[in-house]
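**Q** Each chain, letter by letter, is given below.
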Amino acid sequence: MYRYDEFDSDFVAARVAEFRDQVERRLSGELSEDEFKPLRLMNGVYLQLHAYMLRVAIPYGTLNSRQMRMLGHIADKYDKGYGHFTTRQNIQFNWPKLTDIPDILEELATVEMHAIQSSGNCIRNVTADHFAGVARDEIADPRVYAEILRQWSSIHPEFIFLPRKFKIAITGAEHDRAAIQVHDIGLQLKKNEAGEIGFAVHVGGGQGRTPMIAKLVRDFLPEEDLLAYVEAILRVYNLYGRRDNKYKARIKILVHETGIDVLRKDIEAEFERIRDGALNLPKADIEAIDAHFAQPDWADLPDDSSELEVARRDNPAFARWLANNTREHKAPGHAIVTISLKPAGGPPGDATARQMEVIADLAERYSHDELRISHEQNVILPHVEKRNLKAVYDALAAEHLAPANAGLITDIIACPGLDYCALANARSIPIAQRLSERFADPAREEEIGELKIKISGCINACGHHHVGHIGILGVDRKGEEFYQITLGGSADEATSIGEIVGKGFSTDEIVDAVGKVVDAYLVHRHSKDETFLEAYRRLGQEPFKEALYG
Amino acid sequence: MKIITANRLSDGAVVYLAAEGWLTEITHAAVLNAHDAIEAGLAAAARAVANREIVDTAAIDVTVEDKGPVPVRLRERIRAFGPTIAFGETARAALAA
Ligand code: SF4
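Listed in order, the protein sequences are those of chains Y and G. Going by this note's numbering, the first sequence opens with residue 1, and the numbers climb by one from there. Going by this note's numbering, the second sequence opens with residue 1001, and the numbers climb by one from there.
Calculated directly from the structure, the hints in this document are not laboratory data. Mixed in with the good hints there might be a few duds.
[Said to hold, decoys possible] The following label-pair restraints were derived from C-beta to C-beta distances:
{"id": "1", "chain 1": "G", "residue 1": "Phe1081", "chain 2": "Y", "residue 2": "Thr99", "range": "18 to 26 Å"}
{"id": "2", "chain 1": "Y", "residue 1": "Arg434", "chain 2": "G", "residue 2": "Phe1081", "range": "43 to 51 Å"}
{"id": "3", "chain 1": "Y", "residue 1": "Ala443", "chain 2": "G", "residue 2": "Asp1061", "range": "46 to 54 Å"}
No residue lacks a Cβ here, since even glycine has one placed at the ideal position from N, Cα and C.
Build out the structure end to end from the sequences listed, making use of the hints.
**A** See below:
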């Protein structure tokens, strides 16, 4: 796995010292809040409803057991014993004292972690497929390119004060697990006819107030041109992006207002100008970074494990967990495990210090010391030998970490909402909790099949409601919380933005309303093989509208 | 009826203007009625901001109940009484129950 080089560690150490000085100057009155705010935001520090919040970067969602243990330690020592994994593959601590944050950052730096690029109008941490490096359908490991982009974009002087924040996502396979089409730039690794590696480049996607699906700007970009092309896009955006209106400043608005064909010409012209310059990526550089993500030494195993089969037969709860929470791994005899942070009635994406410790131990013992955070707010053990799956399951179950619901209706994404967030209009977490209790019966949940519910507490859409099969958006109606339902959203290779189905529902009504949508699906689907999304795309809104308002 | 609230600079804690200064318990908050009293409260807040005690000040509407002032807006009730959900070890223990 990639290790920060000397440059990174010197740079991070300098940033921590600088921030310590800034905090001291703020407390001594040398800096006003107006002066200090942009500085704290550059270090991931927000002021929320109850306290400061620190957002720690987990670049492309990859971390090792030492790092996970450190997150648990921070939660325990400086916070209230837990952290919240976000849809940006980051972790947020909800209660740190400003005066402790320099110490927290210093402790994080000891395990090569920091909070840089986790806020502000810069290029944010690049996100990637959480099954990177292990998925059977993968063309190449997207983290290699995410890391190249990280090195290029960290403190890039030209792109520190962009018109708005800028998000890049990469997926390594045709099946998009990184929601690339709702990012400012979405990259999909692919091979051309000659078998060379490159990218399909999408630009101008996003959620928030004005959700947009990215447009394909280039069908095949050779890998050595990655930085030159991304820089060309950023330059065109920096030049034309609107700085006069916060709500129109994202690149999606530029793409929408200018049109992709016009922008493509500008991007390609800039690209031609710089493509053979310093940004050209030599093969040797790609290979050097690739080596840091070298595959671990997987044991040579038969694909089937007789121990596993016996355990599966004898234990229905384990069998269910296997079916829903494990996926095929590149190496025979191995599996990818999703640790669901979505217990029935629990706050989605939260993990306690102790749970982080247990997860770190399991990674160390059973997963070549590797972990991933998914944008669906779960944790991944990427390399578990099949013969060890029962031991892993037992250890997880003892800590309430084994809900067998990955990809099912109770695997809900929810943003922090009005329980924590200063920008929120309505609460998200209690709605997720009530929904997960409502659908907790495993038999019913499996009967419903794949169904993604995503909840945001305001139009900023951190909970990805626009791309939920069922999306729920919290709004404030005359001081009361209301919830708008959207249907038919999706964030995979066939991305779609959910459509508002009708008037909103009160806090009391919303869970029953979702129940009615699900019942309508069960009545109208052709068979169990037709997923909710497929049925919605075939049927349109009518039967669901009828169920909700008829 | 209004009270004056802010976040404490050093740790971000929610605080309220009370006779004794800036306190974390809303029950102690000074309830202000008259326009002049509210203006005076906001002036005290501005001084505390300049003194680096607090940030993000606001005068918020409350009703007065048996236990003291209760904010009218849900957002302010959540600031005053904490998240409406169990979190951390408490949330985990609830799952075990
Ligand atoms: S969607 Fe809104 S309420 Fe939810 S975390 Fe983002 S800004 Fe806060």
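**Q** Which of the numbered hints are not met once you compare them with the structure shown?
**A** Hint 2 alone not satisfied by this model.
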